[in-house]
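> Now for the letters of each chain:
4 protein chains.
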Amino acid sequence: MSGSAFDSAIYRGLFTHPDLARLFTDSAEIRAMLLVEGALAQVQGRLGLIPETAAAAIHRAAMEASIDPAALTAETGRNGVPIPALVAAFRAEIGAPEHAQFLHWGATSQDIVDTALMLRMRRALEIMETDCRRLLKGLAALARDHAETPMAARTYGQYAAPSTFGAVAAGWGAPLLRHLDRLAELRPRVLCVSLSGAAGTGSAFGPDAPAIRAGLAEALGLSDSGASWHAARDRIVELGGWMAAAAGLTAKMGRDMERLCQSGIGGLRLGAGGGSSTMPQKQNPVGPSVLMALAPYAAAQAQVLTAALSPAEQRDGGAWFAEWLSFSPLVLAAGRALALAAELSEIAEPVPEALAAALDDPLGLIDAEAWSFALAERMPRQEAQGAVKDLCREAQATGANLSDLVARDHPGVALSPANRFGQAPADARAFAEAVDALPAGR
Amino acid sequence: MSGSAFDSAIYRGLFTHPDLARLFTDSAEIRAMLLVEGALAQVQGRLGLIPETAAAAIHRAAMEASIDPAALTAETGRNGVPIPALVAAFRAEIGAPEHAQFLHWGATSQDIVDTALMLRMRRALEIMETDCRRLLKGLAALARDHAETPMAARTYGQYAAPSTFGAVAAGWGAPLLRHLDRLAELRPRVLCVSLSGAAGTGSAFGPDAPAIRAGLAEALGLSDSGASWHAARDRIVELGGWMAAAAGLTAKMGRDMERLCQSGIGGLRLGAGGGSSTMPQKQNPVGPSVLMALAPYAAAQAQVLTAALSPAEQRDGGAWFAEWLSFSPLVLAAGRALALAAELSEIAEPVPEALAAALDDPLGLIDAEAWSFALAERMPRQEAQGAVKDLCREAQATGANLSDLVARDHPGVALSPANRFGQAPADARAFAEAVDALPAGR
Amino acid sequence: MSGSAFDSAIYRGLFTHPDLARLFTDSAEIRAMLLVEGALAQVQGRLGLIPETAAAAIHRAAMEASIDPAALTAETGRNGVPIPALVAAFRAEIGAPEHAQFLHWGATSQDIVDTALMLRMRRALEIMETDCRRLLKGLAALARDHAETPMAARTYGQYAAPSTFGAVAAGWGAPLLRHLDRLAELRPRVLCVSLSGAAGTGSAFGPDAPAIRAGLAEALGLSDSGASWHAARDRIVELGGWMAAAAGLTAKMGRDMERLCQSGIGGLRLGAGGGSSTMPQKQNPVGPSVLMALAPYAAAQAQVLTAALSPAEQRDGGAWFAEWLSFSPLVLAAGRALALAAELSEIAEPVPEALAAALDDPLGLIDAEAWSFALAERMPRQEAQGAVKDLCREAQATGANLSDLVARDHPGVALSPANRFGQAPADARAFAEAVDALPAGR
Amino acid sequence: MSGSAFDSAIYRGLFTHPDLARLFTDSAEIRAMLLVEGALAQVQGRLGLIPETAAAAIHRAAMEASIDPAALTAETGRNGVPIPALVAAFRAEIGAPEHAQFLHWGATSQDIVDTALMLRMRRALEIMETDCRRLLKGLAALARDHAETPMAARTYGQYAAPSTFGAVAAGWGAPLLRHLDRLAELRPRVLCVSLSGAAGTGSAFGPDAPAIRAGLAEALGLSDSGASWHAARDRIVELGGWMAAAAGLTAKMGRDMERLCQSGIGGLRLGAGGGSSTMPQKQNPVGPSVLMALAPYAAAQAQVLTAALSPAEQRDGGAWFAEWLSFSPLVLAAGRALALAAELSEIAEPVPEALAAALDDPLGLIDAEAWSFALAERMPRQEAQGAVKDLCREAQATGANLSDLVARDHPGVALSPANRFGQAPADARAFAEAVDALPAGR
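Residue numbers (my numbering), protein chains in the order written: chain A, 86 to 527; chain B, 86 to 527; chain C, 86 to 527; chain D, 86 to 527.
Fair warning: there could be bad hints in the mix.
Claimed, not checked - Covered by chain A, per the in silico footprint, the following chain C stretches (three or more residues, Cβ under 8 Å): (1) 347–355; (2) 369–381; (3) 489–500.
Simulated from the structure, these hints should not be mistaken for lab results. Just so you know, even glycine gets a beta-carbon here, dropped at the ideal spot from N, CA and C.
Make the full structure from the sequences, and use the hints.
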C-alpha cells in the first residue's frame, strides 16, 4: 500500500530515510513491544513478583517471537489498541500457559505502546543526530573553504551589502549547533518508560510499582518517568517540536540553495539530478525543493501533537490516536530532511564568479553602506549618509560607478576589506571551529 | 512498510477505508497515469497530430501495461517526478519504437500527475459522497425515531434547557446537507484535466493545444481546466478544505457521542468494541475517538495544502512535493471519517431513561428558562426572570422542586411541551424529510 | 493597546485595511449587536408577540444608543459573553422599563453575537469583493498590455521555456475568478441570522419561532438559517477557508513579484517604498513581503476555526471563544491582502529588457524544448529529444548557441513564435476578456 | 480599535493579562527600542567609537523621550520597518544634531526591533514563570489536600479504575515542572541581543563589532548572540513552542475541569461566574472554556513562527512580518492561560461525594481490575481475569454487586486501599513536595 509517500515504492527514493523507515514498520513496532513485555517480565521476575522461570520464558520468547502484523488487524480495529491482540498472539506463541499467564502482568496497553515508541525514538534520535552532525561537518567545510568568497548579502531579495559565502553557510549551521544542545537536554527528560497501569496509579503492580518502573527503565536504557504520563504528553510535544524545527532549519538552507541556483543568478551548483521529461537542458534543484516540502509537512504533523496536548482525563483515545497518525510521519520527514540536507551540504559548490558578479555591479551601489560609514569618519553621519544617497542617485542616473563618484567628491576616502565584509570571514571560521570542537555524540 | 497508520497492517482496521486505500496505492497511481497517457495519445491521434496507429497502440497498451512501482524508485528519487521513469518503462513495454515515440507527446510530468490525481479523486469523491449519504440516512433515522425523545441540551457541559435526541442528531446532520451542496458546486470546477506543458503555455502541443486539452477532458470525463494550473492550486485547496471540514463535522458527532457515552451519563450505547486489556468491564467508545483523531489530522494535512497555495513561478517543486506528502493521507482520513461516522450512526442507540434523567432532576432547574417565559405572560419579563431566579435559589437551598415553588407562588401558570421542547421535534423531522428528499447522487 | 499589529498605530500603515478595521472595532460590534436587538424587537412587535410601542421604542433606541465598550469589560469577563452586560446597559439607556423589558425577548447571547457578526461580514465581503475585482482589473491590464512581452517561464527557479509576462499575470488572476464564483455560492448559504435560543430549540420564542427568525432575516438582509447553528459551525469554516485562500492566492502573486524584483533578475519594478535605515540604495519589495506574511497568518487563523468545527454539545464556550480570537484577525489579514495586492497590480511595471534577457541567453538553451518538438516533425521524437540533448551538452561545453548548432546539423528547421510562446498570448487575452465580462458585483 | 480580542475593551476581561498587555503596547515597544538605541550609544561611547558626550546625550534622551506611535504610521507603512521613522523622530527630539548624528550608529532596523523584543520577552517570561509557579502552588495544595480523595480514573470517558483527586491534580502539574526546566534551559540561549547590521556582518561597526555586541548584551542584561540571527529564527521558534505548550498544558487542566463540572457529574465546583442571559440556573465553567480556546489559538500562532523558520537569504520581510503578526498574540494568549489556570487552581473545589459516587456504583464494576489482580494471587492470571469477566457479566445481568459475587465465589479474597488506589496518594504527595522544593525563580 502507499497511503503515504514514505511507504510508496514510487516515491521512497525522494522522501524516505531507509534506516528510519525500518524503525517504523509494523514488524519493528511489534518487535519493540515484545521487547518491552519481555523486559517487564524479567524485572518482575527479578523482584520476585512473578515466578523466575515464567519471567525467563517470557523474556526469551520476546526476543524470538515472530508475530504477523496482519494477525492483529481485526482485533486492533475493534479495540482501538493493538496490545490485547498482540498479547493473545504472543501467549499462543509462548505456548506454556503456566508461564504465559504472567505476560503483561499489571500493565495496560498504553504502557507498552508508549515505551515501545520511546525505545524506537532513542534509536531514531541517534540516527537524526548522526545526520545532523554530518550536515554540520558539510557546512563547516563550506564555511571554512569559502570564508572569504565574496557574495552579496540579500535582504528582501535585494543586494544589501557584501558578505561571504562562508558566512552564509555558517548562518545555515549555527542554529543546528543550538539544536544539538536542545537534543542533549531533551533526551533524559523525554526518552523514558511508561508504566502506570490502566488508571495511571500502577495499582495492579502492587506496592512495588515504582521499583518495577525503575527496573524496566534500567533494563531498556530509558529514563524513569516518575508518575504516569498517559495523559501528560509534553514529552511527545517536545520531541515533535524538536523534529519540526530541525526540518525547518534545513528548509532555510534549502530555500537559499534554490535561490542561489536560479537561472540568472547561478551562484551555486548541486551536481546532477532533476532532469525534466521534456526540457533537456533542465537541472532542477530537486533536493532543496524536497527540503522546502518536508518542513511545512513536518510542522503540520507537530501541530497535531500540540493539539493532542490536552487529552481528556486519564486516557483519551482521540488524542492518542491523533498522535499515532502524525508521529511516525513526522519522524520520517524530519529524518529525511536532515539526511538530505547533509548530502546537499556535501555536493554544494558555490560558483565564485557568479557570486562575485553582484559586487562588481557597474554602479557599485552595494557598497553604499560601507561608503557612508567610511565617509562618516570625516563628517557627521547624517551628512555622510545624505552625501552617499545623493551619489547613489547620480550613479543610477548617469551609470557612473559609486566608488568613482566618491573618489571625485571625497578624495582619499577608501574602503578596506573589513569595511566591506566585516565579521563575515571571522564568523565563518568561528562556526567551523565550533563544529570541530563538538564533543562526540552518542 | 508502514510509515503511516493507513498503510499499517496493525492499524488499518482502525484507520483505513479499504476502497479509498485501493485508490491510493502505487499501482493504482501508475494505472491512472497510464490511462492519462493513453487517452492523450488517443486524442492526439484523432486530431491527426500523431499517427492513428501509434495512438491506438499506445492507448491499448496503456490499459494492459503492468509496471512495477519499484522500477521507478531510483529515477524518481533523482528527478523528483515519476514520469520520466514511467514513460521509459512504458515505452519499453510497448516495444514498437515507431509507436512508442509518440507517447507523452508534448506533455510535461505535472500534466500527467495532476490529471491522474483528478481521475482518482473523481472516484474518491463518489465514495465519500456515498458514505456521506449513508451517514445522513443513519442520522435521519435517529432524528425521526427520536424526534420527541427528551434530553437536556447542554451548553458548556451544563444542562441548559430541554431538547430532544432527534433534534441533536439532526444538528449533527444539517451541516452535512450543506456539505453535499458544496460538493456539487466544486466538482465541475475542480475535477479537471491538466495539460499545459512544461511552461504552462502548451507550446509543444502546437496550435491545437486547447483542442487536445478539451478532447482529453472529454475522454476522461473531467472538466477542461482552461489555462494552466501548474501553479494555480486553488482547486487542490478547495478539495482539501472540503475534506478537512467533512472530517471535522463527523468529529462533532464523535465528540457528542463520546460525551453521551461517559460513565455516569450513559445516554448512548454504541454496541460492542473497545475492550480493555486489563479492565474487563470497559467498553470504550473507540469509534468516536477515531473521529476525534481524524479531524485534527485531516485539518493539518489541509493546512499543508493551503501553505502550498503560493508556489513560486510556473512550477515549484517544494510546493508540489508538499501536496504529495499530505494529499493522499487527507483523502484517507476524511474518507475513513465519513464511513466510520456512517457506521456509528447506524449502531448508535440512545438510552431514553438516562437522557430523561436530566430533565427529572429533583430541583427541576432545567425548566427555569421555560418558567421565566411562562411567567412573563403575566408580568414584565425582567420581573419574571427575577422571580424565577429567586425561586431557583430557594430550590437549591431547600431541595424543593422549582415547579412546586412556581405553583406555590404563581398558581395556574403551567408549562406546555412546546414551552419545553420548542422547535426540537419539528427540526428533527424537517431534517429527516430533507434527507429523504435528497436527489440521488452520482 | 496593541496586542495585535492590526491595532497598532505603529504598524497599521503596513497591515491594516481602514474600512475593515472600522467594522471590527468594539463600537462597531456594539452597534451591530444593538441593530440585531432592535430588529428582533421590531419583528416581534409586528407579529404581535410584544407590544408594538415597546418594539418601536427598542428599535429606535437601538439605532441611537451609544454604549461604552469599557462598561461591558467586567461582566463580560465574568460571564464569558458580552450580551448580559450589553442588555443591561441598553435597558438602562432606554429608560422606560415597560418597554425595555421586551428587549432580547427569547433570545440567547449567541443569537445576537453570531447574527451581529454576519451583519458585519456581509459588509466585509462586499469590501473584499471590491478589492478582489480591483485586483482582477489590475491584472487584466497587465495581461492585456503584456500578452506578448517575452519572458522565461521558470520551474524550480530554472528557465523552463519561453512564456509571456501577460500569461504570468493571467496566471495570478485566473484562480481569483474562480474565487469570485465561490464567493457567490457561499453568500446565501453563509450570511444568515442565528435565532434559536438557549438550547437551540427556540422554545422561548413560542410557536412563532420560525416566523420570527424569517422576519429577522428579512429585516437584516440575511438568509434564514433554518435550524440552530450554535454548534454547527460549517458556515464559519467556509468563510474562513475562503478568506485564507484569498490571502494565499495573493501571496502567490507576491512571491512571484518578489522573485522578479530580485537584484540580478530585475524583471519587475514596484515604484517607491521600502528604504533601508542604513542602505541608501535599497528599494525593498515591502508590499510583496506583506502578502507573503499575511497568507500563513491567515491560514493559521482559519486553522483555529477548523479546529472549532467540532464543539461539544449544544454550545461550547471553548470552541466559540477560539473563533472570537481568530476570526476578526483573519478578516483583517485577508482583506488587507486583497487590497494591497490590488495596489501592487496597479503599480507593477514589468521591465521587458530584463525579462527578455533570459531568452537571449547566449547558449539559447531555453528553446531546447521548442527545438525538440520542431525536430520531431522530421524524425522520431525520442531521436529528436536525444539530438537536442546532445546539442545542449555541446552548447554548454563550447559556448555555442543552440540555434546555431541546430542550424548546422538540421538545416531548414525553424522556430515560430507559436513554437516558442504557445498559448501564452491567447491565455493572457482570454483572461483579460473574462475580467471585462464579469457581471457587476454587489 | 480592536482587531484582536486582546485589545478589545469588551473582551479584555476574558482574554487579557494586564501586565503582559502593558508590555505589548505601541508605547512599550517604542520605549524598548529607545532603550536599545540608548544602550548602544552608551556602549559605543565607552569603547571610544562615538564621542562620549554624544553617547551620554543619546542615552539620557532615550530614557526620557516620548514619541507618539501615530507619528510612525505613515513611514512604517512605506518602509516596512518602524526604525527609520523612529530614528528620525528621536533625532528631532534630541535636538542637538552634533550628538544625534551618532544615534543608531552602524545598526540596522532588525537589530533594534529584535533586541527590543527580547528585552520585553525577558520580562514577559518572568511574568509567565510567576504565574506558572502560582499555578503549581495551587495544584500542589489540591494534590496534598486531596491525596486520598477517591475518584474514578476515566479512560475514553469511561470509569477505568479508582484513583484520587490529588493524583489527578498532580497529573495536571507534573508536566509544568518539566516546563520550568525547559524555561531555565532556553533563557540563556534565547534571550539575547541582535546586533549585526544590514548584511549580518556587522561591517558598519568596524572591527569592534563583537565587543559592541557583548557590551550591549551586558548593558541590557541579555545574552550575546554570537553571529547574526536576522535569518536564524530558531530562538523565536523555541520561545513560541514553549508558550504554545504552556497554553496546551493548561488546557488539559481546563478540559478535565470542564468535564468534572458537567451537569450529572458535578465532581468540581469553580465558584461564581458564567451566568446565562436567559437561564437563571446556569453557572458556566467559563474559565476552563477560555483555557480550551487559548490553547489552539496559541498553537496556531506558534505554527506561523515555525513556518517563518526558513526565511530567504540574509533578511526576509515576509517571514519577519509573519512573526510580527503572530508573536505578541501568542505571548498574550499563553500568559493569560497561565494566569487564568492559576486562578482556577485556587478556586477549584472538588466535591468528594460526587467524585466518590462513581466508586460506589451499585455494580462495583470499577474494581474489576483490582479484583482480577487480587484473585490472581490464588490462581493463574488468565483464569482470574476470566473469572472476573464472568462475574462482571453476572453483575450487569442481575444487578448484583461485583464484590458480593467475588465474596460468594472466592471467599476470603479482599481489596486493600493499595489494591484500589495504588500509587495515587503517593504520587499526589510527591508532586506537592516537588513543588515545595522548587528553588526560587528569578
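> Quick check: the stretch 347–355 of chain C, covered by chain A? Criterion 3+ residues, Cβ under 8 Å.
holds (count 4)
> Count residues of the stretch 369–381 of chain C with a Cβ under 8 Å from any Cβ of chain A, then say if the count reaches three.
holds (count 4)
> Closer than 8 Å, Cβ to Cβ, for at least three residues: run that test on the stretch 489–500 of chain C against chain A and report holds or violated.
violated (count 0)
Of the numbered hints stated above, the single one contradicted by the structure is hint 3.
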